[in-house]
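Chain residues, written in single-letter form:
Protein chains: 2
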Amino acid sequence: MIIWSSLTDTEKQQALARPTASSSRQTSDTVAQIINRVEKDGDAAVIDFTRQFDCPDLTTLKLDAQTLDTLADSLDSSVARAINRAYNNIHAFHSAQMPTDVTMETSPGVRCELKYTALEHVGIYIPGGSAPLPSTVLMLGVPARVAGCQRITLCTPPNKQGSVTPEIAYAARKCGVTEVFLCGGAQAIAAMALGTQSIRKADKIFGPGNSYVTEAKQQVSLRPDGAAIDMPAGPSEVLVIADADANPAFVASDLLSQAEHGPDSQAILVSNSEALIADVKQAVEEQLESLSRADIARTAMQNARYILTETMDEAAAVSNQYAPEHLIVQTAQSADFLPKLKNAGSVFVGPWSPESAGDYASGTNHVLPTYGYAKNYSSLGLLDFMRRYTIQELSATGIKDLGPTIMSLAQAEGLDAHSNAVAIRLDALKEES
Amino acid sequence: MIIWSSLTDTEKQQALARPTASSSRQTSDTVAQIINRVEKDGDAAVIDFTRQFDCPDLTTLKLDAQTLDTLADSLDSSVARAINRAYNNIHAFHSAQMPTDVTMETSPGVRCELKYTALEHVGIYIPGGSAPLPSTVLMLGVPARVAGCQRITLCTPPNKQGSVTPEIAYAARKCGVTEVFLCGGAQAIAAMALGTQSIRKADKIFGPGNSYVTEAKQQVSLRPDGAAIDMPAGPSEVLVIADADANPAFVASDLLSQAEHGPDSQAILVSNSEALIADVKQAVEEQLESLSRADIARTAMQNARYILTETMDEAAAVSNQYAPEHLIVQTAQSADFLPKLKNAGSVFVGPWSPESAGDYASGTNHVLPTYGYAKNYSSLGLLDFMRRYTIQELSATGIKDLGPTIMSLAQAEGLDAHSNAVAIRLDALKEES
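Chains as they are written, first to last, in the UniProt record's numbering: chain A, 1 to 433; chain B, 1 to 433.
Keep in mind that a hint or two might mislead.
Heads up, the list lumps identical chains together, so a pair's fine if it works in one copy or across two of them.
In silico BS3-like pairs for lysine-lysine, Cα to Cα no more than 25 Å straight-line [as the list claims (entries may be wrong)]:
id : residue 1 : residue 2
1  : K340      : K115
2  : K40       : K342
3  : K281      : K62
4  : K340      : K40
5  : K342      : K430
6  : K40       : K400
7  : K12       : K201
Note that these hints are calculated values from the structure, not bench results.
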């Protein structure tokens with residue numbers, strides 16, 4: 001247990017430090033080589049890498065529509081119902097985020113517009129690995145669909161049989177994914193960013209992945225002929241603020257939800273109650289016994305931090321400094337307390353709001369800024385699948401009225417041609433009248 | 001003149017190609033060294049670099065408030081009035097972009113919120129060089145102020161006398177900039193991203209600059225302890241779509257406005273009228289005679305492209321493929337034509353809307369995606385100075401109702417602890433009832 005008030009400022013920073021996340025030179029070089037190969041050889045390179053890493057017998061990258069349908073139809077009906085229910089909530093919450101265009105006259109005869117439009121083609125990446133992640137298909141596919149993206153390309157590494165799970169197939173079909181390709185890793189990111197014979201170049205790429213995927217997203221986002229990406233990535237994390245009123249078993253279960261994601265997951269409990277901290281620690285030990293992923297969770301919990309503060313205001317300050325991806329608040333008076341909290345990706349309020357609610361089905365997006373990025377990046381939302389542009393139209397009255405202002409500023413910046421573009425129009429209007 | 005229909009697809013791509021923008025290894029290494037020095041030595045490093053590049057006698061980085069006031073008060077009153085007028089339009093248009101929080105029940109007892117909050121501390125960079133750029137101070141300072149950022153730090157390279165122009169001082173004071181620092185280049189970006197003794201670390205850095213500034217912004221944006229940045233940068237560009245009805249002198253003046261920005265500026269005219277293209281070419285030559293920056297503009301115009309299309313629909317397709325930063329539309333029926341255009345940063349409609357209107361005073365932002373980024377990045381707006389986060393609160397009813405869905409999905413993904421966090425709560429509710 002860390003007693004916050006006993007720490008110096010430097011010790012406080014250390015207590016909240018995250019593991020170093022710099023990707024190694026080796027990862028960066030490997031990824032650059034993969035991207036180069038995909039750029040040069042297209043599909044052939046992607047198939048080669050996929051055979052090497054995922055499925056030795058793969059022949060075609062595209063999962064044909066009929067196979068997708070058959071797989072989707074084979075999904076257990078209770079899981080299908082759960083996916084439908086989550087889909088509805090995510091759809092409702094992201095539809096409510098639809099922005100409104102702005103049109104106004106800023107001065108007489110000067111009309112300005114801000115317009116929103118869907119990105120034409122988005123690429124979504126779904127990692128493979130031990131478990132399928134249909135929830136991530138929903139979190140990326142639903143807002144793409146709601147935004148009105150014309151094309152949604154999904155890449156995911158195939159299993160050894162050259163296929164995907166029924167869960168992934170069902171969720172992809174449900175979201176109206178345009179095409180599913182059986183490839184993963186840096187080669188999938190390169191294919192979506194640069195395009196190959198069968199995979200069309202996307203405007204923006206979304207989705208989580210391992211260090212190769214993260215590095216590849218970064219590299220393609222720096223190329224003018226590459227693609228935009230959703231946000232920088234880091235290990236997942238939760239910070240729970242709880243007072244003496246909180247239920248220790250609930251708090252423990254939320255810390256463990258985070259911990260089971262991976263051995264590098266970060267779990268932090270901040271409380272003004274020493275008794276609560278002791279009870280949570282005990283509950284963590286008890287609950288660990290029955291988890292299937294107990295090894296992973298136990299490793300992650302070795303880095304868990306239990307921070308004792310003198311007051312709840314101090315607890316809020318700790319959270320604001322850390323800027324957690326997930327912030328769980330289990331306190332007696334949350335309504336008064338919430339306005340003190342800033343810098344979190346998603347906030348879970350009260351005893352009945354476990355992190356898993358937002359991970360799957362409440363309707364909020366589970367793609368969130370990690371690694372302290374909650375200070376300066378947004379949680380994923382509908383707007384990430386759209387772009388804004390402006391329009392202006394001046395009438396003759398508008399340019400007559402605003403023209404001298406424009407000319408004065410252009411001359412102050414020494415830009416004659418800018419001034420001349422107005423002067424030539426004002427002259428034409430004088431001749432007309 | 002390029003006859004569009006005579007080109008193959010590859011030739012079309014070449015006709016719209018932009019100059020290569022990869023920063024050299026040397027630039028990248030130099031910038032990395034500057035960032036390292038600033039990280040290690042703070043203010044001392046920034047002052048050293050500033051003495052070396054900008055002002056040999058500089059002793060203090062901060063421009064004190066009294067000097068700023070004196071400079072601002074010394075501004076010519078007609079320029080001050082022009083800045084005020086531009087400020088009002090920009091303020092009005094960015095205020096109209098204020099987003100609305102979303103609150104809804106996605107299912108019974110499941111409340112989800114999307115909230116917007118201002119970034120706490122933004123850094124704005126204003127380049128030095130031959131002319132002061134008060135307009136860029138407005139384009140970055142006004143939305144920061146409207147968003148409600150608590151701290152706005154401005155860095156700009158000092159002149160030889162260790163000061164800034166009255167225009168910059170006036171615009172900075174008008175926007176409520178918190179502090180002005182006399183430094184530029186990669187050292188200014190490093191200082192704002194990492195913090196020094198006198199310059200506090202900012203959450204996000206905005207503003208244009210030369211290749212060192214651009215490279216520095218990119219490097220700090222990749223560091224977890226760095227800062228977010230506004231958007232990738234490239235040379236400025238305009239594409240004009242005009243038909244036989246357009247005024248050739250107006251079109252020429254808009255192409256030249258772009259061309260005078262720098263020798264690498266891109267200017268493209270697309271028209272279905274060969275006569276219009278010939279007239280514009282002649283008008284360009286005539287107008288070039290009287291420009292003070294004729295040398296720069298002439299160099300840029302050597303790379304100008306005049307593209308003849310068969311139809312106006314084809315002209316729209318050319319523009320959509322190029323994705324221009326500025327798109328000027330001077331056609332007989334713009335209302336019918338506009339919906340065909342996509343992929344532009346800012347659109348200028350009709351004969352009385354020169355690009356300089358948006359550069360200075362219409363109210364739209366002049367920080368726009370260049371280099372084809374208009375396909376997947378937004379024009380700068382109020383939302384770039386804010387971030388979004390979500391909140392969810394489930395009631396006992398909410399978790400009872402949605403819990404089985406969450407558990408089903410967690411189990412499908414093999415995440416026991418996620419499921420357990422719900423089960424433990426449902427058990428507690430059963431015991432209560």
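Hint-by-hint comparison with the structure:
no., hint, in the structure
1, K340 - K115, "between (34 Å within a copy, 14 Å between copies)"
2, K40 - K342, "neither (46 Å within a copy, 30 Å between copies)"
3, K281 - K62, "neither (48 Å within a copy, 50 Å between copies)"
4, K340 - K40, "neither (53 Å within a copy, 34 Å between copies)"
5, K342 - K430, "neither (56 Å within a copy, 34 Å between copies)"
6, K40 - K400, "neither (55 Å within a copy, 54 Å between copies)"
7, K12 - K201, "between (45 Å within a copy, 18 Å between copies)"
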